[in-house]
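Undergrad: Take a look at the letters that make up each chain.
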Amino acid sequence: MIKPGSYFILGNHACALGAIYAGCRFFAAYPITPQSEIAEEMARLLPKVGGVFIQMEDEISSICATIGASLAGLKAMTATSGPGFSLMQEGIGYAIATETPCVIIDVQRVGPSTGSIFGQQGDVMQARWGTHGGIYEIIALSPSSVQELFDLTIQAFNLSEEYRVPVIMLSDASVGHLRETLIVPEADKIRLVNRRVATCNPEEYKPFEAPMDKSPPMAILGSGYRVYYTGHLHTEEGHPILSLVRYHLADKVWRRLSAKIRSNIDKIVMLETKYLEDAEVIVISYGMSARAALKAVMDAREMGIKAGMLRLVTIWPFHDSLIRDLCASAKSIIVAEVNNGQILYEVKRAVDGDQKVIPLLKLVDTHTPDEILLKIKEVA
Amino acid sequence: MEHPLRSLIKVENLPHEFCPGCAIGQVYHWVARAVDELGIDMSKVVLVSGIGCCARGVRFVRCDALTTLHGRAIAFATGIKLANPKLTVIVVTGDGDGSGIGGNHLIHAARRNIELTVVLLNNGVYASTGGQLAPTTPYGAYTSTTPFGNIEDPFDLCRLLEAAGAVYVARWTTYHVRPAIESIKKGIKKNGFSFIEIIGQCPTYLGRYILKLSEPVECIDWFKNKSVRKELAESMSEEELSDKIIVGEFVDKEKIGLVERYRRLTEESVRSDV
Chain A
1 MIKPGSYFIL
11 GNHACALGAI
21 YAGCRFFAAY
31 PITPQSEIAE
41 EMARLLPKVG
51 GVFIQMEDEI
61 SSICATIGAS
71 LAGLKAMTAT
81 SGPGFSLMQE
91 GIGYAIATET
101 PCVIIDVQRV
111 GPSTGSIFGQ
121 QGDVMQARWG
131 THGGIYEIIA
141 LSPSSVQELF
151 DLTIQAFNLS
161 EEYRVPVIML
171 SDASVGHLRE
181 TLIVPEADKI
191 RLVNRRVATC
201 NPEEYKPFEA
211 PMDKSPPMAI
221 LGSGYRVYYT
231 GHLHTEEGHP
241 ILSLVRYHLA
251 DKVWRRLSAK
261 IRSNIDKIVM
271 LETKYLEDAE
281 VIVISYGMSA
291 RAALKAVMDA
301 REMGIKAGML
311 RLVTIWPFHD
321 SLIRDLCASA
331 KSIIVAEVNN
341 GQILYEVKRA
351 VDGDQKVIPL
361 LKLVDTHTPD
371 EILLKIKEVA
Chain B
1 MEHPLRSLIK
11 VENLPHEFCP
21 GCAIGQVYHW
31 VARAVDELGI
41 DMSKVVLVSG
51 IGCCARGVRF
61 VRCDALTTLH
71 GRAIAFATGI
81 KLANPKLTVI
91 VVTGDGDGSG
101 IGGNHLIHAA
111 RRNIELTVVL
121 LNNGVYASTG
131 GQLAPTTPYG
141 AYTSTTPFGN
151 IEDPFDLCRL
161 LEAAGAVYVA
171 RWTTYHVRPA
181 IESIKKGIKK
191 NGFSFIEIIG
201 QCPTYLGRYI
211 LKLSEPVECI
221 DWFKNKSVRK
231 ELAESMSEEE
241 LSDKIIVGEF
251 VDKEKIGLVE
261 RYRRLTEESV
271 RSDV
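Taken in order, these protein sequences are the chains called A and B.
Note that the first sequence covers residues 1 to 380 in the working numbering.
Note that the second sequence covers residues 1 to 274 in the working numbering.
Derived by calculation from the structure, the hints in this document are not laboratory data.
Treat the hints with care, since some could be wrong.
Said to hold, decoys possible - In the DSSO-like style, the derived pairs of lysine-lysine whose C-alpha atoms are separated by at most 30 Å in a straight line are:
#	chain 1	residue 1	chain 2	residue 2
1	B	K226	A	K214
2	B	K255	A	K48
3	B	K10	A	K48
4	A	K252	B	K10
5	B	K44	A	K214
6	B	K86	A	K206
7	A	K206	B	K10
Since the structure is predicted, the reported quantities are computational estimates derived from the model, not experimental observations.
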């Protein structure tokens, strides 16, 4: 295992290390560029810490094995890229419905279809709405650096265990394939969260009963609770609802899948802000583009333009009211993202028509600071 | 008098939604009986199923159970077994679930010889969606999606699994009660991937539309009359066997399983400096 200290390291390797530090002891994946270095590093590290690595036959089985391992008590993760992420969507839905903690790293790449292996931020909406059914919330994080691939992977596990929800890391090729400095802290300086497990009498245990703002304690397979898990609409006892007449029994359970995330949004959402207090032009960005945005904003300030930056570290849940408040002083908001406009519409919805929201969309790779600066000067 | 297996059944989950005369009850009965006769603690057993009629039965057995995604039971079971090798993990699946949508996972689980037992109920049809063509539907059969007769050949699942590397492969019908239970027991005891195919009646679709039989018991009679023991079949011509169900144990060998191989790898990796 890597010792605390400073390392010059590949982003994808930092992600794997973060997972190990977070307590991840099961990893299943299928090779796909630009994700593969995560799997390669996990294959090397996991046996040394008593964990399990398995290369599955496809992405579908990878997410399924990951969920199975989590239900059996291990912190579990899978990693993929866009096309594989699409294949995982049904499994992600199952993890949401059964409240199974797991972490999915999506090193995004150009699409639609197999596209190419260049980076993109194209799976933002897929992460939010990719699985079928309209009543759920997930958590998605967006790293901007190698250090964050380490830190946020740990955070992803913590959030996943706390809220018993799949947490998706929306990385992309340009961050995953970046080499830069990683500071690995002392292990005891890292805060870890473990799922609450059932401790009550098995006869009294209701696997899906919890207050609306919480996830229930979990019965690990083999721990004597003889629990039944299903992705079907189910009651607090876990019974599937097979008749519409009994639908009301699942209503609370299904509403809680959203409520447990939404009611904790202030605890979950992380944003990074620079020069927002008096900003007249705000650049909203995430991932690698946010680094270019910061440089552009600093350059604009030197030119006397009151520019500011808002970086989404947590992309989902989207904190509408906080983002509206932070952008209150701005006349225009530039949304810089590497896709055809996904967060753009979330921002428009959040600020509710009071300000001009200007897209700065690139389709592949990442923005340069100059591209963003040019836009700032244009709208200032 | 109480049913001898009552303690193994979650009676509180009754009633079930299976059609009268369905083979699914038999299959779960046999799985529960096999576990019981082997003296395995039910709280250390996990039953994993996918989607379809057969998948619905797991919640009636008094152990941990999962109804997962269509075709993905083996993938979930792989994660469970690797995460906690002390658990006895049994997949109960149908022919559509296990060999149609889930065919890829089935052959790869056999190839990697993971210590799972798959009990596959083959009724030759997709039943829960209304009797459509399955990968196991006989040639020429009329189903709701083969209104002019099936033009495809069915899988011989036991031969497929034998080729893929399973260490135990057996096939029985719902007529062969005791041999089927013994095979399930043998499969569970194997330190590798075991596959037990049960040819069973779906009175609603297989019986009525494919075999043109009116009663479930006639299906079982039909299985009885069409079954030929593997040993006997070896002396019969291909023509004689064309409409027969060959039953028996096809593979029974020893090969180190994936969990054990991984355990050894873990020990070695700690010593090595990769």
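Undergrad: Now, for every hint given, state plainly whether the structure supports it.
TA: Quick rundown of the hints versus the structure:
1. K226/B - K214/A: violated (57 Å)
2. K255/B - K48/A: holds (25 Å)
3. K10/B - K48/A: Measuring from Cα to Cα gives roughly 41 Å; hence the hint is violated.
4. K252/A - K10/B: The hint holds at about 24 Å.
5. K44/B - K214/A: holds (28 Å)
6. K86/B - K206/A: holds (25 Å)
7. K206/A - K10/B: Since the Cα atoms of K206/A and K10/B sit roughly 15 Å apart, the hinted pair holds (cutoff 30 Å).
Checked against the numbered hints listed earlier, the structure breaks hints 1 and 3; every other hint is satisfied.
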